[in-house]
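Protein sequences appear in the order of chains D and Y.
For the first sequence, the positions run -12 to 761 when the numbering used here is used.
For the second sequence, the positions run 1411 to 1522 when the numbering used here is used.
The hints are simulated quantities; they were obtained by calculation from the structure and are not laboratory data.
Take these hints with a grain of salt, some might be off.
Said to hold, decoys possible - Straight-line alpha carbon distances no greater than 20 Å define the calculated SDA-like cross-link-like pairs of lysine to any residue that follow: (1) Y:Lys1506 to D:Gly746; (2) D:Lys673 to Y:Arg1433; (3) Y:Lys1506 to D:Leu660; (4) D:Lys277 to D:Leu396.
Claimed, not checked - Which bits of chain Y does chain D cover? Going by a derived footprint, with three or more residues having C-beta under 8 Å, they are: (5) 1412 to 1422; (6) 1451 to 1464; (7) 1475 to 1484; (8) 1492 to 1499.
To be verified - For each label pair, taking beta carbons as the anchor points, the in silico distance ranges come out as: (9) D:Ser671 to Y:Gly1509: 24 to 32 Å; (10) D:Gly570 to Y:Ile1467: 31 to 39 Å; (11) D:Thr574 to Y:Gly1509: 24 to 32 Å; (12) D:Glu90 to Y:Asp1514: 29 to 37 Å; (13) Y:Gly1509 to D:Lys673: 56 to 64 Å; (14) D:Phe731 to Y:Gly1509: 54 to 62 Å.
For glycine and all other residues, C-beta sits at the position ideal for the given N, C-alpha and C.
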Amino acid sequence: MQLLVLAPLLFTLFVPLLYRRVKAIHVGWFVLLVPVLLFVSFLRLLPQVANGERVLQDLSWIPSLGVNFTTYLDGLSILFALIITGIGSLVVLYSIYYLNRSEQLGHFYIYLLLFMTAMLGVVLSDNMIVLYTFWELTSLSSFLLIGFWYQRDKSRFGAQKSLLLTVFGGLAMLAGIVLLYTITGTFSIREILGQKDMVAESALFLPSMLLILLGAFSKSAQFPFHIWLPDAMEAPTPVSAYLHSATMVKAGIYLIARFLPLYAVHDWWFPIVSGIGLLTLIWGSFLAVKQTDLKGILAYSTVSQLGLIIILLGFSTPLAVTAAVFHLFNHAAFKGSLFMMAGIVDHETGTRDIRRLGGLFSFMPITATVGFIATFAMAGIPPFNGFLSKEMFFAASVEYAGTLNWGFLLPALAVLGSIFTFVYSMMLFFKVFRGELQLEQLEQKPHDPPKGMLISPLILVVIILTIGLFPNLISAPILAPAVEAITLIPQEPVEIEHFHGFNWPLAMTLIVIAVGTLIYLSYRKWLHIYNHLPEFLTWNGWYDRSLRGLDRITTSLTRIQMTGSLRNYLAIIFIFIFVLSGGLLLTTDSFAFSTSDLAPVGWYEVLLALGVIAAAITVPFLTSRIAMVLTTGAIGYIVVLFFVDFRAPDLALTQLVVETISMVLFLLAFVHLPRVPKEKGSKSLKLRNLLISSSVGLLVMLIAISAHSTRLFTPISEYFIKHSYDLAGGHNIVNVILVDFRGFDTMLEILVLSIAGLGIYSMIKLRNRKEDDV
Amino acid sequence: MELLMIVVVGVLLTVATYLVMSRNLFRIILGTVIYSHGVHLLIMTMSKLKRGAPPVITDGVTAYTDPIPQALILTSIVIGFGVTSYLLVLAYSMHKKLGTDDMDELRGVKDE
């Protein structure tokens, strides 16, 4: 089974080879083999699954983290796998005729196969981390496919938008997965579903549900994340047909269906899932009417149809779930053929703008027939399959409405959404194929496309018709196992009937058709209301603004703090240290003061201290370089005297030598340096610096006093003092420490000095050489 | 004595911080020098001052001053010296090359 998932990925290795070497044959023919073989393999597994068998296969990946590439095949997975490979085969076939040989076909098929693997991985994985990996792979390959014509601005924009939004949702989903893992301790979906009672009691239940739903909604283009889908229509039409109608946008639906038994027990499940779905259904179908681009209409129609399926999953009754699965299947069939129809029209007339199209029926009879069946199926008109699933949708909403207060709103809103669906479906057919032909608007005289291009849509149309006439063909083998896999309750196959008496669903369908016809016939009178729609309702404005705003805010934030001036950075660093350490000192109450253990003070020490303080305070006020050097030197020499006073002979010696050499160095350097100007700058800047520096000084004093007043442990010096002679054979303890006990420090300190020397040498030498070159 | 030293250290660090934030490179280098003086004295002070003889083993003496901070400071003095001399030469060649030692003029590229 893992092989089935990875087969398209493995085949990508051969695509460039075939593309470059075999020039005579369109590379798509080779690629076509993959989905067809996969489809057949899944079809052969179908009877097994329908009998209630589950195919589970384990493959270790990162066992120490509980991440294994486990595949699990049940009714739901196989339904999706069949759609993915079935529509995949048809789309590849269609693309062979659709894409010109001058395109970068190698790239196209590699991306497409990558996507196929990703999608199969999503629906067949039992491990959630693996599922997430494939999930992001679908986003990535979709990004590549949308941006296939990367020379176009719009393609790049659409690709970026879809990537940003779907990855946003994907990351939210990852967080949800991690939460589920912390509750249950496993990544396996089956095991999590097995512990659903435990999950339901957890405090993390609701956050994990919301996060996973966020991922699902953004992937399935639900309100308000629906905005990426219409912009994704810049992709080549086979891609739109495959990814953005049949497969990828249903990944979110798969996820919701998968976790339905886990989360549907919660009170919020119905309002969130069905609420968002209803909003999307109505809003998507409402906006679809406004579009003038064929693919634009189809994009919004996909959005609204996905909303419909999600509403049904929100009900989570067996009837509703059956309707959802049924409509999922039907939608893949009719939307795929509609996209292919749109692609053919585009291909044969050179435009997708419905204002320029019309009257194509007599020129493209076969295409028109495809369009007729598919649009009427979408509108939900008998005898096509869309009618059956829509009828079930109404039935489910009426049934569910009975359990709610204000329940009658539910069917009413469903009818409202369906009316708009009817309207745009009619527009799609009548405005393209009926009416007047505007030959002068078209680039070429339209005619039916080559036969090869028609095969795929015709196959889909045949499916639409077959399911429409004999819906029970798929009821027992496909629908029932899928519903059982979703609800985890054994299901009897539902008898789908065309006519079940005069009842509410039938009346609702009649209302939809009647009102829809009325609205469609009078659309000229009210179409202008779309012009009065406030711009903010489209959400695209919000997206654009927030992207721009983010850019602006980050840029200005960077401008504010990254001034390029070292002094400002230093000021920020000092203030940060002061606030952090000072705050800690204050809030943890760790300041201590004790005078119990102090050494006595002699008068000469007071004098030294006063001297060093006086010298230090003078330095900032000086403007003569030599005075500055000498005053600093004075500080150094007083420190030498302190060392003498503190019984540190080695220190005093070293400091004396180093101080002298430093003085010499300073005096050497200063003649080459420019005169030191009086410190420029405004009074307030000086005051700020003074404030910062005195707070730093004060902070150090406070910390030093506290540290001095609390000595927690006795020092380890006793050891060195005791063993300096008998272990190391030296009387001078400091020197023994430096070269024996802690000789490593000394070695590296020698290294530091050598590096400094080398650095100075090379700095002088290299600079001179460069100047010589110039 | 320790409290007195702590005050001295505080003053030294204040002055050093003030100098480091100035515009002139020469002042900044002097600031770093004063920093190291202050920190050396601080290390010394923190180990309690004048608690015995110099840390050279002599017969009959039992109490010595703590030798560890002295070793630390010795290491630090040498490193500080290396860094200071490097900084000085850096300032020298910077001035030769760029013609300025004003920190506000040494901002690098305008638009980063």
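Tested hints:
Restraint check for lysine 1506 (chain Y) and glycine 746 (chain D): the C-alpha separation of about 17 Å stays at or below 20 Å, so the hint holds. Distance restraint check for lysine 673 (chain D) and arginine 1433 (chain Y): the Cα-Cα separation of roughly 11 Å lies within the 20 Å cut-off, and the hinted pair is therefore satisfied. At roughly 8 Å between alpha-carbon atoms, lysine 1506 (chain Y) and leucine 660 (chain D) fall within 20 Å of each other, so this suggested pair holds. With a CA separation close to 25 Å, the supplied pair lysine 277 (chain D) and leucine 396 (chain D) exceeds the 20 Å bound.
For the region 1412 to 1422 of chain Y, the stated coverage by chain D holds: 11 residues have a C-beta nearer than 8 Å to a C-beta of that chain, and at least 3 were required. For the region 1451 to 1464 of chain Y, the assignment as covered by chain D holds, since 13 residues bring a beta-carbon within under 8 Å of that chain's beta-carbons and 3 suffice. For the region 1475 to 1484 of chain Y, the stated coverage by chain D holds: 8 residues have a C-beta nearer than 8 Å to a C-beta of that chain, and at least 3 were required. Given as covered by chain D, the region 1492 to 1499 of chain Y passes the check, having 7 residues with a CB less than 8 Å from a CB of that chain where 3 are the minimum.
Here the CB-CB span from serine 671 (chain D) to glycine 1509 (chain Y) is close to 29 Å, well matched to the stated 24 to 32 Å. At roughly 46 Å, the beta-carbon separation of glycine 570 (chain D) and isoleucine 1467 (chain Y) lies outside the given 31 to 39 Å, and the hint is violated. Checked against the hint of 24 to 32 Å, the pair threonine 574 (chain D) and glycine 1509 (chain Y) fails, with Cβ atoms roughly 49 Å apart. Evaluation of the 29 to 37 Å hint for glutamate 90 (chain D) and aspartate 1514 (chain Y) yields a failure: the beta carbon distance comes to about 57 Å.
Taking the beta carbon of each, glycine 1509 (chain Y) and lysine 673 (chain D) are about 26 Å apart, not inside 56 to 64 Å as hinted. For phenylalanine 731 (chain D) and glycine 1509 (chain Y), the hinted distance range of 54 to 62 Å is not satisfied, since their beta carbons lie about 43 Å from each other.
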